[in-house]
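J.: The chain contents come next:
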Amino acid sequence: MSYLIEYATGRRKEVGSQGLVALFSTKIPELQLPNPPLEPHGYYCVTRRNAPVALVSVCEDASRMLEKAFGRVPYLAMYVTENELRSLGYSVSSEGIVEVAVARASGRFTVSIRSTAAVASPRQYEALTNASCSRISEYEIICSVSEPRQAARLIALASGFILVQSKPRMLEEAINEGV
Amino acid sequence: MADVFVDRLFEAEKTLREVATSIQLVTSPQSTATPLDVARTARNAVRRLHEVTDSLANLKDRLKDKSIFSVAVPAGSDVVEVLVDSLTLIRIASVGILPDNPDEDLPERVGIAGLAVSDFEARLDSLVKRITGERCIYLYERKPSAILNNVAACLHRLAEYFSRTTVTRGKCNVVTGSSEVAVRFCELWDSLTERFNALGLYGERDYAALKAWIYNDRVYLRVGSAQGHRTEVDFTSPGGVRYYDEDRDVNRIVARLLGKCGLSCTDLKDGVICKGNVASSYACVAKALAQATSMDLRLNDPQEFIKNEKVADALLRRIARSM
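Chains as they are written, first to last, in my numbering: chain A, 242 to 420; chain B, 5 to 327.
Please keep in mind that the hints were generated in silico from the structure rather than gathered at the bench. Take these hints with a grain of salt, some might be off.
[Claimed, not checked] Now the stretches of chain B that chain A is said to cover, found in silico as 3 or more residues with beta-carbon under 8 angstroms:
1) 197–205
2) 294–302
3) 306–317
Idealized CB from N, CA, C, for every residue including glycine.
Chain A on its own, in the form it takes in the complex:
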């Protein structure tokens, strides 16, 4: 994943959203699969053909939520492999990066949120979803949820914190409505 971050941020000005999707299919060696390697699901999501349905559903939902909140911006992409969903978002200035990884085990989704910039607290995520969250380190929070939609919501919220730089008036609206 670090390679991907390095590549994506370094090429930010050249890659649009489609470029990022292409990036996933061509620049990550383990993702290069034949015929066709990846399938698009919504604007932000690409999946491998044999990806688990539950994770694809999370990816599609998160893509829809993010598109609704931020429109189509070239700062985020998600992909689903056989066993996990990974999301990478970065701020317009490239200074902030958020990675979210979702894995499914025993009927529950484990959502790991890592960010280089401001991270919301476990309490804040819990207040807006029905997740149970705890902080692992200064930059990492792990949450557990049972419904795919709540996992998608966690991805969108965590990514939104970084994507707000592409839609800064959202912060002004938030201040006006809620501070």
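Using the hints, position chain B against chain A.
T.: Chain B alone, transformed into the frame defined by chain A:
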């Protein structure tokens, strides 16, 4: 800032009185001054009057240029007019100070629009009365020293008025007799700016520049550190808000926020103009204007401003609502 304005007026008054006294002393019948002393006093008087005119002209320009003084000194155009007439009279007096007889009566009419010196003095007197409620000139004379003393008296009246009639409440300077709703609005704006600052939403320089002046039904706010970053809120009927800023992104958002307060707003090149009843939505307007401060900084790098938990909370709720 009002202090700066008042101090400048008092300083000008002091110099004018000193100059007037110096030329009266050398020209009085009891004077033992030699012609050389008289000429030296006259030259010195003219030099000092130039300094006063420079200072007052600068004050006048800053008032007209929407600078910080315009926030500190409402009654704007009337005060500018007082300064214009004062400058005219000082210049007339200055030209009349001759090396050999510095306090000779000036001609009945001067070259400016054929007006008499007394016409300028009468207008100055009337303007000062309009602002302060009190006259400042009782004897119209044509001697330079008398003219300078008259102007000094008027500047004193004005300075005294602005220092005497102002009560400070937080960042709000309230001129006595201002409308209650304007005062309530300003007090709310003051507390909101304190809150926003505590939440880390402001740049330091912007916060330090915040100031408001309430004069009758109008509130004049300085909402940031940039030159000309001021706002006028008009509580008269129909009323409105005029916000000055050259940042188009900020203007668009400020127009939208003020529009949410029930005002009809237009986003202009140099700010925002809104019409409507501010009194009925003063709390909403106060919040929108408190938010205008440092908005350019937040738009440029929102990440820097969401470190506070309450702000982060609000942002997350906003994102959640939009999903």
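J.: Hints first: check each against the structure and report whether it holds.
T.: Status of each hint after checking the structure:
1. 197–205: holds (count 4)
2. 294–302: holds (count 3)
3. 306–317: holds (count 10)
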